[in-house]
Structure formats: C-alpha cells, structure tokens
Amino acid sequence: MRAVDGVSLKLEEGEVLGVVGESGSGKSVTMLALMGLIPFPGRVKADKLIFNGRDLLTISERERRKLTGKDVAMIFQEPMTSLNPSFTIGFQLTETLRLHEGMDRKAARRRAIELLEQVGIPSPESRLSAFPHQMSGGMNQRVMIAMAIACNPKLLIADEPTTALDVTIQAQILDLLMTLQKERDMGLVMITHNMGVVADTAKRVMVMYAGQIMEERSAADLFASPQHPYTAALLAALPERSEGGRLATIPGVVPGLYDRPKGCLFSPRCAYATEHSRHVRPELRPWAGGHIRCHYPLGDPNRTAAIQHDHPIRTETAS
Amino acid sequence: MAAPPFSVLAMLRFILTRVSLIIPTFIGITLLAFFLIRLVPGDPIETLAGERGIDPARHEQLRKEYGFDKPIIVQYGIYLARVLQGDLGKSMITQEPVLNEFRALFPATVELALCAILFALIIGLPAGIIAALRRNSIFDHGVMGISLTGYSMPIFWWGLILILIFSVQFDLTPVSGRIDVLYYIEPTTGFLLIDTLLSEEEGAFWSAVQHLILPTIVLGTVPLAVIARMTRSAMLEVLGEDYIRTAKAKGLSRLRIVALHALRNALIPVVTVIGLQIGVLFTGAILTETIFSWPGVGKWLIDAIFRRDYPVLQGGALLLGVVVMGVNLLVDLAYGLINPRIRHTR
Chain A
1 MRAVDGVSLK LEEGEVLGVV GESGSGKSVT MLALMGLIPF PGRVKADKLI
51 FNGRDLLTIS ERERRKLTGK DVAMIFQEPM TSLNPSFTIG FQLTETLRLH
101 EGMDRKAARR RAIELLEQVG IPSPESRLSA FPHQMSGGMN QRVMIAMAIA
151 CNPKLLIADE PTTALDVTIQ AQILDLLMTL QKERDMGLVM ITHNMGVVAD
201 TAKRVMVMYA GQIMEERSAA DLFASPQHPY TAALLAALPE RSEGGRLATI
251 PGVVPGLYDR PKGCLFSPRC AYATEHSRHV RPELRPWAGG HIRCHYPLGD
301 PNRTAAIQHD HPIRTETAS
Chain B
1 MAAPPFSVLA MLRFILTRVS LIIPTFIGIT LLAFFLIRLV PGDPIETLAG
51 ERGIDPARHE QLRKEYGFDK PIIVQYGIYL ARVLQGDLGK SMITQEPVLN
101 EFRALFPATV ELALCAILFA LIIGLPAGII AALRRNSIFD HGVMGISLTG
151 YSMPIFWWGL ILILIFSVQF DLTPVSGRID VLYYIEPTTG FLLIDTLLSE
201 EEGAFWSAVQ HLILPTIVLG TVPLAVIARM TRSAMLEVLG EDYIRTAKAK
251 GLSRLRIVAL HALRNALIPV VTVIGLQIGV LFTGAILTET IFSWPGVGKW
301 LIDAIFRRDY PVLQGGALLL GVVVMGVNLL VDLAYGLINP RIRHTR
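Order-wise, the sequence lines are chains A and B.
If you number the first sequence the way our numbering does, the last residue is 319 and the count never jumps.
If you number the second sequence the way our numbering does, the last residue is 346 and the count never jumps.
Heads up, a few of these hints could be off.
Said to hold, decoys possible - Examples of chain B residues lying across from chain A (beta carbon under 7 angstroms, computed):
{"no.": "1", "residue": "Y243"}
{"no.": "2", "residue": "T246"}
{"no.": "3", "residue": "K248"}
{"no.": "4", "residue": "A249"}
{"no.": "5", "residue": "K250"}
{"no.": "6", "residue": "G251"}
{"no.": "7", "residue": "H261"}
{"no.": "8", "residue": "R264"}
{"no.": "9", "residue": "N265"}
{"no.": "10", "residue": "P340"}
It is worth saying that the hints were derived from the structure and are not from the lab.
Using N, Cα and C, we set each Cβ at its ideal position, and we do this for glycine too.
Could you put together the complete structure from these sequences and hints?
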C-alpha cells in the first residue's frame, strides 16, 4: 500500500518550492516522510534522501534527530493544537535552543526574546510565560515559526501555514515567512491547496495528485501555460480566473488509498481521458522546462490527434 | 518553571472556589451520617444491654440520657451544634470520645491506604504508559486483561484467596494484624513503618513490612487496575496529538517526548481518576481491614455497626467524609497545577 509513490524532488539552497494539490493528494505525507515523521506503521522507502550532502537513509536515528528541528524544520497547519498546552511558550521555544545549540537557560531566554521579536510578537518578554491557550491562532503560528527558525534551518517546510488562520492574518504570516526566507536565504517548501498563495511565494511549483507528482515547473510558466489537465483545472477553479457565472470545479474527488484507478490516477476526472490513459499509467517525464505525468500534455501540438487515436472517453464528468 | 505572575490571583480564586464548595458537602455528610444510621433497624440501648435484657424504666432513662426521646429533627440539630463545636460525642460502648478513638486508629488506615495507592501508582502508571507505547502487543493485551480482572474482583474474595495462597499454603506472609505480637512499639507517629525504625528494635520493621504486603496488594488492586487503564487510554490519545508531532519535528528524543511532553498532558485525566479512587480506597479499607484484622478505622466502624454504636458511626462516617473531601481538594489543586487551562479560565 503506497500513500505516496514515485515522488522525486530536489531543492536548491534558498529556493522556494510550492507544493499544491487538493486535500488528500499526499502533499503533507511527502513532507512528513522527508522529516522522518511518518507515524508507525508507515515506512519510507526512498531510493535517495539526501540533505546537505548527507544521506538521511543511512544515518542513525540519533544523527537524524540532530538535523531534525535544527537544519530542517517544519511548521504545521493548526497552530492552536501544534503547541503543547501544558508548557509555556518560553519553555517550548527555549527547549529547541538548549537541545540543538547547547545554550544555557539565560542565553536561550535571550535568544527566545529575540526570536519572538523577529516574528513580530509584541512585548515578547512577557509572552514567554504565557500558555498557548492564552494567545490567538495567529500569535501561536508566529511562535511556531519562531520555534522553527530558532536554529537557523537550511530548509523550512511549511505545511499549510495559513489555512487555519483568519484571512487578514494569512497575509501577515505569509509576508513574515517570505521575509524570513529572504533574510536567511533558507530553502522553503510551501505546502498549500491555495494556488493564490503559491503564485505569491513560490519560484517553482510541484502539483501533486493522489500521492504522485503530476506537474513540476517554474511558477511563472505553470501559471502562464499549465501543461497538465489537472493543473489547468486547478487554475480554472481560482475565483480570479473565472469568467463570470459559476466557479469552475473538478468533478469527483481524489481517489482514496484503496480505490486508486488502474491507469492515470487523474483519468476518472479528466476531461481528456482515453481508453489508453484509463489503462496505462503515464510516467513522469521531462516536458517544457519541467516534468509532467500525462499522456497528452496541453502544450503538445500532436495532442488532439493522439487523443483521437486512443479512443477518447466522453462522459458526463467531462466538462 | 516559575508560574507567571498574573496567574497567582487566578490560582487564589481557583482555591477559594474549591474551598467554598466544602461547606454544602460537609452539611450533606452530616445529614447522611445521621439519618442513614437511624434507618438501620435495631435499638441501640437494647444492643447495649445485650442478651440479658433491660427493664423498661431503665430503658426509658437511658433513652432520655442519650436524647433518643426527642424528635429526630431536634436530635439532628443538637448533633450538628455539637459537631460544629468539635464534639463528636462518646462511644456508647467504651465511653471514650469518638475523636480520640478515631485519632488512635486513623494512622493505621492512612498507612495502609498510602501504601496501597503508592503500590497502584508505581505499577499502574508505568504499565499504562508501556501498554500505550506498545499498543496491541502481547504486553498491552496482558496488562489490559489483568487489570480488567483486577477491577472486577470482589475485594473480600481476593483477600481470602491471597491469604490462602501466601499465608496458609506457602507460609510467606502473616495472616493478620499490623505487626508480630512479639513486638511492642510505642506509637510516636502512629505509622508503624516509621515507628519501628525509630524504636531500633531488631526485626520489628521487617515484621511490619511483612504484615503490610497482602493488605496493600488487596486494597491497591482496584486503583491499580483503574490507573493502568486510564493511563493507557490518556497516553494513547495524547500521543496522537499535533503537539507530539511538533515535539518530534523539534528533534527531541523519544524519552523526552513520552516522559515530558506526552505524560504531562496524559496525567491530567489520571489525576482526576486518582482523586475519585481515594473515596473508593476508604470503602475498600473497611473490607480489607476486616479481612486482615487490621486495627484501623475501617474495622472500628464495622464493629460499631454491629453494636449500633450511633456516636461512633456518625462521627466515624463524618470524619472519613471530611478526610475524603480534603484529599479531593488536594487533588483538585494538583489538577490546577498540572493543567494551566484550568488555572486561567475560571
């Protein structure tokens, strides 16, 4: 049983990668696997997992933990539940510093105040003794960010960092993340199902569907001319791109773990599905400056002929 | 970790609220202690007189002396007034003040109850934690099966079985009492484990320990089962929380995640359960003390029931009630200490 399959990604130093897809498309699981946070009995079977020149698959659990939280950090969707309710902000923040940087109590406290300042928390000193339930969601997410950047990570993975927040706060948190990313030149993976967020932040975008990469290209190209029907459908569903009337939708839902189709995973919902694509799963292949997993990329000049040749399936789902 | 300064006031208010709840509870206990005992059939004066009987004139005189001739409401009023002045009356049998008898016997019960709850905690907490960490393993199923058995077992039967096996069959532990008759220990603290150590009498401490083993196991079994099950389920729930994932993402060691981040939160419901178990513990103590002839408050109360010793029953029930209330108050305060959300939101 494979929740996520055939995902391959590469991130340069200081690069911002957007990972998009509907709920259940495997965005978070991929990143949790990267962090080594897959809960038992899940397992990660990758061919290569290299961070900063070190193979994460061969180093010991202990070595791995030295990297986790220090060089690779992660922030999560739900700030209110992602902080431990029984400990103060100060305790949770200094814990990382004392563990990874070996700071003493005083130094860690000073650094914690600095960090809270950097993430824009007013009167940081008094906040150290506050508990998570005494602060708002936005403030808690700032604390999560402060915790994540505490040890100057080279890579920060943000798993839908703004989804649970107020719209007004969302922009602030995104701004904060982008500012910190530029200041520190750290790699940032922004997981989101919000195309708008990706457009604002990412240089490169990876579109995931049912645990597979569907398309992966530079953000500018992807938004200008999507190559995968799924990407095109996602973009068409953006309110900014709707041409009056109803918003476009993609019929159906992401297949679950046990009911994945035989051929192309997107074929049951694809407007251009054919007999061929229903039975043969496409490979991820280089295409138009990126990668794509589709038999009939939208930019392919021979596309219509190929679809006709493979017996197109016209169902009601095609819109 | 120092508590934040602004929470001191909140904590004080929390304590005051809890303490003020004691007054209605106290009145409730006096009502129950007074009226329930009078619902038990049997005339105390006839029981006092024994099989020889008593002539009607003397009977009437004694009824007057004890105030049993007055309307029951008036009797309650007099009783309550005396209780509030700290007078719990005298035993009808021994003529000793109830408070003195209670004071002499209570340490034995506390010693047994403390050992039982410690026994339950020392085994129950780790068992529950390990069962949660090794969910669905043989250990987990074993612990849960055994604790269900322990929880369902009648105390008196369990006590008798243990006596049969360990005392009668294998002669490993004494059958009854607190200490071997060879020793006389001057009660300094009332806790034999401490007094025997102070007395420096050879073998006395070991004898006291041996006498404690079986009653501790018998009395601690139900709390042990409850604590193990509660710890397991609380731990399982907490381990699935988002903040545990955060702790892992920080690169903390597994030990630190379990023993600090998870346990601190899992203890909140466990502490509540421990508080509830304290009441159960005293009920259990009455049975356990009777089985093992443990000279504590429980056995004293059972004897008082058979003698229809109203003052002892009323006083004993009231005092035990107050003790349970006090312990529950402490548990509530401990609860406030480990759960910051309680401390601040009320």
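Open item on the list: For a quick check of understanding: which of the numbered hints are violated here, in increasing order?
Closed with: No hint contradicted; all consistent.
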